[in-house]
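Here are the chains, one letter per residue:
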Amino acid sequence: MDLRTQRGTEGFWPRLIWQGRIFGAYFGQFVKMRLAYRMDFLVDTLAVSFSMAIQLTVLSVLFSKIRALDGWSFEQVLFIYGFSLLPLGLFNLISVNFYGFSDKYIIGGKFDRVLLRPVNTLVQVMFESFNVSGLNEIILGTAVMIYAGMKLNFAFGVGDFLALLVLVPSAALVYTGVFLAITSVSFWHEDRMGLAPPVYNIIRFSRYPLTIYSLPVRVFLTFVLPFAWVAFYPATWFIGGGQLPLVALLTVPVGVVVFSGAVWMWHRGAANYASTGS
Amino acid sequence: MSETTTSRLAPWRRSAAGSVGLYSYFVRLAFLKFLAYRLRYYTGVVSYTIFVTGHYYIYSALFASAVADSPDGLVGGLTLPEMITYVAVSWIGRSFYFNNIARELSRQIQEGEIAVLLIKPFHVQTVMMFEAIGESGFRLLMFTLPIMVVIVPLFRIQGPPEPMLYLWTFVSFCLALVIYSQFNFLLGCLAFGMKNIQGVMRAKMVSMDFLTGVVVPFTFFPLWFQHLMDWLPFQYVSYIPVTIYLGKHQGPDLARVLLVQLAWSVALFVAGRFVWQRSVRNVIVQGG
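Heads up: the protein sequence lines correspond to chains P and F, in order. According to my numbering, the residues represented by the first sequence are 9 to 286, in order. According to my numbering, the residues represented by the second sequence are 1370 to 1657, in order.
In case anyone wonders, no lab produced these hints; they're calculated from the structure. None of these values were measured; they are calculated from a predicted model. Virtual Cβ for every residue (Gly too), placed ideally from N, Cα, C.
Subject to a maximum C-alpha distance of 27 Å in a straight line, what follows is the list of computed DSS-like cross-link-like pairs (lysine-lysine): (1) K73/P to K1617/F; (2) K1402/F to K112/P; (3) K1402/F to K1573/F; (4) K118/P to K40/P; (5) K159/P to K73/P; (6) K1402/F to K1489/F.
Some chain P residues close to chain F (C-beta under 10 Å, calculated; not the full set): (7) D48; (8) D78; (9) R212.
Sequences are here, hints too, so could you generate the full structure?
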């Protein structure tokens, strides 16, 4: 009995705390492993900064030709871009095992090992590896956001800070949910097609104001592949956009629904899993 | 080892016809290798369509917003239909010349597979170039053509001002393939000297489409940047072939840009051979 409570298998909250502790242990292990390769982190910081420098150059070159893009100023678009990096960073931090999940866990049979342990399978897969690159995106994205906010003379109140604390994780849930759903598909079909890359490629276009796209594209990005909720809608809380700021707050239910749906798919898939026997 | 023994032992001292036979075999081999993975390219068609669609909307909005400032409808010297054609042809061309030689070569160097390649009787650089040609042959049939079938009608992409420019654009993209593959080869050679090549590879990944002009045409940039790019090989990978298609290079200018492209192809090949031969003098393979 004592052992059962310690393992936290009774009740929702003890279980959540237990999984949080597992996450801490995994992360600690990962940090120790990473510290052995300090140079890697430095190289990664340089690579992320370089990539950002190029994207910012592209934005400023485009804006050197116009005063505003469909009514959006350079600073506003910059703010959306900076904001988009925060949920993306959070997502990148934990999502690294989604890539090649089919190869590593299903075809490689690594999922057998996951099933043997008395911890949620999804928690294990997500936390078995981290991508520190995410930290760089969060830091640099914050810097861009602060810069753009200052240029916009944006008065950053307590309410905005709280909104940021809620919106960023919610937007990260949207990312995680979408890619978790795609990853879950590989329980039924080995992912030979590579469904993730085209979806991943849409991300870069979700950083532009949604209003530049035609109605079908806007509907698609809002309801079908909900990437409008990872940057544009939540960012309108801060930069305005002619709509109610409440739309931005809808990011929270969208994130929860998308992520829950994906978790449900994952567990359906895991139940369907048959080992390759290798 | 003295100079004479090296040349006597050099196993690639075969007849010219033998070399052609050997290397063209690698073209076929690469073609067949990629044919086995053709399923992956179906979603690639979707990805490229997404890239063109996204840029289509961005540039349409940009041109619509620029109307107030440029009554002639030109932005960066291009009209909106030209701009959309620029985007489409850039991505269609990229689907043809693209390869991953840099990553492949650096992986082989770091994992020690290079040792096996070094004892084989061929030039690794030449083999990799012919493999890239084989890969692009595969891409042309199974990737570039499907992308064209989707994109050209979807965005009503216009042909070039003169039919002959179809040919010159294709020639130019073929030279772009040589430049791109040789640049990648040189980049891959960096793995001989660097312990961690990941950063370089990522920097290349994020900057290549920018430097070649796929993302933004160079006429959007300040003049100093355009002059700088004139002295570098990158614009010959995409910007030049695409502007040839748009009819921006006529008569002697067309001949000039194609010749400069050819010169870059040769120069990068020679540079690759030079760097390779200096690098392989001192290769350390750990275990393997």
